[in-house]
Amino acid sequence: MHPVGAAVGAGGIATRFSFAVVVRYADLVPDVASQPAIDGWYATDDAGLPHLIGAKCPQCGTYVFPPRENNCPSPACDGDVLEPVALSRRGTIWSYTENRYLPPAPYPPSEPFEPFAIAAVELADEGLIVLGKVVEGTLAADLKVGMEMELTTMPLYTDDDGVTRTVYAWKKVGA
Numbered sequence: 001m002h003p004v005g006a007a008v009g010a011g012g013i014a015t016r017f018s019f020a021v022v023v024r025y026a027d028l029v030p031d032v033a034s035q036p037a038i039d040g041w042y043a044t045d046d047a048g049l050p051h052l053i054g055a056k057c058p059q060c061g062t063y064v065f066p067p068r069e070n071n072c073p074s075p076a077c078d079g080d081v082l083e084p085v086a087l088s089r090r091g092t093i094w095s096y097t098e099n100r101y102l103p104p105a106p107y108p109p110s111e112p113f114e115p116f117a118i119a120a121v122e123l124a125d126e127g128l129i130v131l132g133k134v135v136e137g138t139l140a141a142d143l144k145v146g147m148e149m150e151l152t153t154m155p156l157y158t159d160d161d162g163v164t165r166t167v168y169a170w171k172k173v174g175a
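The sequence shown begins at 1 in the working numbering and counts up one residue at a time.
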């Protein structure tokens with residue numbers, strides 16, 4: 001696996017490329033059967049395992065998700081440049097809830113609507129808390145604070161061109 005912001009060039013040598021290229025990668029492969037619903041929020045490694053793409057302030061070490069290019073989120077830091085980084089795939093539940101109503105537009109409705117869990121997961125290495133949907137079939141009764149979770153992806157909807165749009169999601173470790 002190569003770090004976010006690196007590409008393999010001639011001879012297998014990793015080279016730097018701009019953050020904007022990472023954010024628009026899905027635009028380079030328009031004929032793929034599935035693509036992220038939101039470009040630049042996650043990627044997969046050579047083994048096909050997903051990881052979130054965040055950003056880190058090189059000045060103070062603060063992490064942020066979703067990624068952005070500038071303005072460190074730490075009020076104690078005046079850093080204006082953030083670097084893209086691959087974030088941890090695992091963490092523990094910090095909080096969770098269950099959504100029992102159909103989300104409003106622009107989210108495409110699923111028929112029939114089924115309740116789903118949302119978890120705030122504290123990433124293992126960064127300590128950053130990332131909110132995300134929990135895989136289908138998991139409800140709040142199946143979760144508890146401190147439970148280990150890992151990142152996966154799941155379909156969100158199929159667009160008018162027949163492309164399945166995917167999102168990152170959390171699942172229980174070992175599930």
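Read the hints as simulated data drawn from the structure, not as lab findings. Among the hints, a few may not be true.
[As the list claims (entries may be wrong)] Label-pair restraints from in silico Cβ distances:
1) G61 to A120: 15 to 25 Å
2) G61 to M147: 40 to 50 Å
3) A105 to S34: 19 to 29 Å
[What the hints assert, rightly or not] Pairs of lysine-lysine, DSS-like flavour, derived with a Cα cap of 27 Å:
4) K171 to K133
5) K56 to K171
6) K144 to K172
7) K171 to K144
8) K133 to K144
9) K133 to K172
10) K133 to K56
Predicted model only: the values in this text are computed from it and were never measured. All C-beta atoms in this analysis are idealised placements derived from N, C-alpha and C, irrespective of residue type, glycine included.
- Message: Check whether the Cα positions of K133 and K56 lie no farther apart than 27 Å.
- Response: Within the cut-off at roughly 24 Å; holds.
- With a cut-off of 27 Å on the C-alpha distance, tell me whether K133 and K172 pass. Distance ~12 Å between K133 and K172 Cα, so the pair holds.
- Task: Given the hint that K171 pairs with K133, test it: the Cα-Cα distance must not exceed 27 Å.
- Result: 9 Å, holds
- Message: Hint check: K56 vs K171, CA-CA at most 27 Å. Holds or violated?
- Response: 25 Å, holds
- Consistency of beta-carbon spacing, A120 to G61, with hint 15 to 25 Å: At 21 Å between Cβs, range holds.
- Message: Hint check: K144 vs K172, CA-CA at most 27 Å. Holds or violated?
- Response: 10 Å, holds
- K133 and K144: Cα distance at most 27 Å? 15 Å, holds
- Query: Between K171 and K144, is the straight-line Cα distance small enough, at 27 Å or below?
  - Reply: With Cα atoms ~12 Å apart, K171 and K144 stay inside 27 Å; holds.
- Does 40 to 50 Å hold as the CB distance between G61 and M147, or does it fail? For M147 against G61, whose Cβ atoms are near 27 Å apart, the range 40 to 50 Å is violated.
- Task: Could you see if the CB distance from A105 to S34 stays within 19 to 29 Å?
- Result: Cβ of A105 to Cβ of S34: about 22 Å, so the range 19 to 29 Å holds.
Checked against the numbered hints given earlier, the structure breaks only hint 2 and satisfies all the rest.
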